[in-house]
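Trainee: So you can see what is in the structure, the chains are spelled out below.
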Amino acid sequence: IALANVALDLIGQTQMWLGLAADVEGQGRSADDLAMLRDVWDFRNVLLVEQPNGDFGQTLMRQFLFDRWHVAMLGALSGSSEPRVAEIAAKAVKEVRYHAERSADLVERLGDGTGESHRRMQAALDRLWPYVGELFADDAVDEAMAEAQVAPLPSSLRDDVMAEVEAVLARATLTIPEGAFAQGGGKTGARHTEHLGHMLTNMQWLQRAYPGATW
Amino acid sequence: MVKPPLADIWAWLDEVPDPEIPVISVVDLGIVRGLDWDDGTLEVAVTPTYSGCPATSVIAMDIETALRDRGIPDVRIKTQIAPAWTTDWLSEKGRARLEEYGIAPPRAAGGPERCPRCASRNVSKVSQFGSTPCKAHWRCDDCLEPFDYFKCI
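Heads up: the sequence lines are chains A and B, in that order. Just so we're aligned: the first sequence equals residues 1 to 215 in the numbering used here. Just so we're aligned: the second sequence equals residues 1001 to 1153 in the numbering used here.
No lab work stands behind these hints: they were computed from the structure. Since this is a predicted model, take the numbers as computed values, not measurements. Yeah, the Cβ is synthetic: ideal placement off N, Cα and C, and Gly gets one too.
Output of the computed footprint for chain A on chain B, the stretches with three or more beta carbons under 8 angstroms from beta carbons of chain A:
1. 1046–1053
2. 1076–1086
3. 1117–1129
All chains should be built: construct the whole structure from the sequences, respecting the hints.
Mentor: This is the structure:
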């Protein structure tokens, strides 16, 4: 139930973000068009969010790592110079704080739980950790947005988010993997993982099979 | 068309039930943010509770239908997301009705004050999420009944 509710909040937020993107683009496309009619290479998302659900530990760890960054990012976007961005962020951050509370609580309880739950949470962290770095990587678009005070530089969020993540993982008795290697390429669309294509196939088949279908 | 006074329209909207929790009205819920005439069109500003709440589109339709039934043919629903909805906007009447209905009203303390059935303060959280985005799942440790708690956001 919690996962479904979190998903519902995120779908609602995405509708607002994509609606704004479509407005700004001014090509007459809608939020649905952007979600349902673009292919893998046109998506601009961090690779972390396209990683598969795996077991419950992996789903939860992905959510936890995303939620911590999400709260910080939305908090900063609430002060955006672009009022439409600030409004959506201020709305979304209230929901996302609630998500973050739950995911941190469960990561702690399962990490510091039984031998089996600890093993699964550690495996999930080992698998997902290389995708965390991309959350804080700046590119030319980020720099232009920061310059215009529309969005923060992702790197400026790193210290605070990492301090929170490390504190929760320490209480969860989990060990952060060594090495600073970070996967990247999702934000420019240059290199997505294979999982995104599978997800889009599921999500988009109806619009692909019956173009323009509505109900 | 003679434009009815806004106070009358507010009273009519106070009879439109929330689709998920029919004991409270859309006005009790605090999601009707404003009424305004734009020539012959009545503009109703509505704010969503949760971004993805599926009841939002049903609510917009129910408001339009109710106003048409009262003889206002041109209604425009304006979605307004700022300032973001908060449970502070829930009316006192709405809070009392929620509790009578078996849903503990939201509290800044982050949890229900008492069991909506037996009024015991001996309650515990089962899950932070419940049957709809706006509710969490709690249990009374005295009467042992599970109950919904309206999340405070």
